[in-house]
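So the protein sequences, as listed, match chains X and Z.
Residues in the first sequence are numbered consecutively from 0, following numbering that gives the first Met the number 0.
Residues in the second sequence are numbered consecutively from 0, following numbering that gives the first Met the number 0.
The hints are simulated quantities; they were obtained by calculation from the structure and are not laboratory data.
Hints should not be assumed to be uniformly reliable.
[To be verified] DEER-style ranges, computed between Cβ atoms:
#, chain 1, residue 1, chain 2, residue 2, range
1, X, Lys74, Z, Gln134, 43 to 53 Å
2, Z, Ile264, X, Ile128, 41 to 51 Å
3, Z, Asp390, X, Phe89, 20 to 30 Å
4, X, Met99, Z, Lys331, 33 to 43 Å
5, X, Met99, Z, Gln134, 23 to 33 Å
6, Z, Gln129, X, Ser7, 21 to 31 Å
7, Z, Ser313, X, Lys74, 57 to 67 Å
8, X, Ser7, Z, Ser313, 24 to 34 Å
9, X, Glu82, Z, Cys391, 49 to 59 Å
10, Z, Glu444, X, Ala12, 30 to 40 Å
Glycine residues also receive a C-beta, built at the ideal position from the N, C-alpha and C atoms.
Here is what each chain is made of, one letter per residue.
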Amino acid sequence: MQVRHKISGGDFARAGNVASAVKKILRQLNIEHSVSKRIVIALYEGEVNVVAHAYSGVIEVDIDEEKIETKITDKGPGILDIEQAMEEGFSTATPQVREMGFGAGMGLANMKKNSDSMKISSIPGEGTIVELVTYLKPHA
Amino acid sequence: MHDKNQNRDFHHALTVHNDLCIGCTHCMTVCPTQAIRVRNGKAIITANRCVDCGECYKACPVSAIVVEQDDLEMIFKFPVRVILIPSVLIGQFPKKIMTSSIYNALKEIGFTHIYEVENTVDMVLEAGRQYMHEQKERPMISSYCPAIVRLIQVKYPSLIGNIMKVNPPIDMSAMYYREKLKMSGIPEDQIGLFYATPCAAKIAAVKSPVGEIESAVTGVININFLYNRILKFLQRKYTESKPPETDDLLSSRGILWSLTRGEVIHSNGRALAIDGIKNVNEFLENIENEKLDQIDFLELRACDESCAGGILISGNRFLTVERLKNRAEEYKAREDDKNRKLTDGFLNINEHGFLGDIGPRPMAKLDEDFSAALKKLERQRRIMCFLPGFDCGGCGAPDCQTLSEDIVQGNGQISQCIFMQHQMIKQNVLSQSQAVRITDKIWGEGRLEKNCNKLGAEDENN
């Protein structure tokens, strides 16, 4: 099953809506809390990233019996140095964004921590694609 | 109604009085857990979803939601009849009525011992501190309001680990006084311990405790019932007889405990107090997404103005809060207000302070089996493509999404939707008479005929 949501950049008031909608679905599917918690946290971070840095984005969540795949595609400035962006505490967020309580530089690190695999590809000046996989059962 | 695998033994204090219910959807639309449906013109409460918050009771225009209580006559089975009164009982009376007069009235009603529920809050505080120290989960959510504990069980099971498993004052006090009376030589079977409850959730908590094997409370008497009896007594001229058995353990902290911020004022870390079940629902929804572990403690209460706004409180909740705050100020001026520790040893924190396990009762899951749940979810989303999204309640379910869920669970049909009926008639897949039958089944035969006996109609007062 696929769930698809659009996000608009800069709309902080709505950041978290996609995470909430997906959470509702995970609850209906009776997915174990420890698993759904990770998915929702990773998704929320990804959603905030799009809102804070990009112009617009799409989140696609694919659910099957084995795993949940999340693909976050945005149109935005892209990431110049992915390795650096992955470092905890590194952030290019503006002071205004930080003032709102976002932009602590933990987003990507938290997403990695809360998923089983993470892939980032980015073209500076065009946008970023983040792909996450979370297995429903512990995966070898 | 929904899931056959779920425990059906939850005791609920709220029931629908079928003779009074007019099937009007007011209760159905306010229920925070979508527990109510209308069938045959009557509201039905789904036991698995109900958290006993009492929103339906407040919304019902014809007082058809009934809060059960134990018969007052029941107390006379016991030679020693203890009533545990919460501070909000006193708070709802006007200032000119002395606390001692209220105590006298309670004695006249038949109680031999009168104690305040909040006499043991210092013990609750101590247990809470110990719990916060040992358990690292943040934020900790107070276990004080039983409707909130139940809300978390059914709607936010992932937050169960955040519930601070400390016995609330009513349980602490019930255990304390039972033990104390026993130690004074009264056989246990002669002690009847009754609780004057401000809400339905506390009744459910006593009758089917969460995280506790059995409650030390014998029975519950509703506060509104006692309020009327007390007022009736005070209107009469009476000669003051021997005052009832009581003690003097109440503190300013106890008086304020059941009010909003009554718990957070004692918190050392970052703490928030939220009252009103709608507000709590919204907040819990958020803390599941974000990791709000920089908040240490949450005091969450189902009623606006906390227990002063309990559904069985007759007095105005704002005036109740005012009177209790004044009462607390008086107590604060007392020299011994700070030192109210129970030193007689009848209550032991490790033995009496903590709750056992609290289990989840997730209402959202569509099926135990993942692939079955996934199929149902896909079907539900497809059905939602057709339902209009008006959330009008015309189908007898509170909103379109709930109807779609009922359908995939085998508890409803798409033709219950009056707008779908319209579409289906247009497409010749449903006949007029079938549509009428379906609607009659939901709203009851004759329910839609002319009737001037309703609010705003010609004979509204009849």
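Legend entry - Violated hints, by number in ascending order, as checked against the structure: 3, 6, 8 and 10
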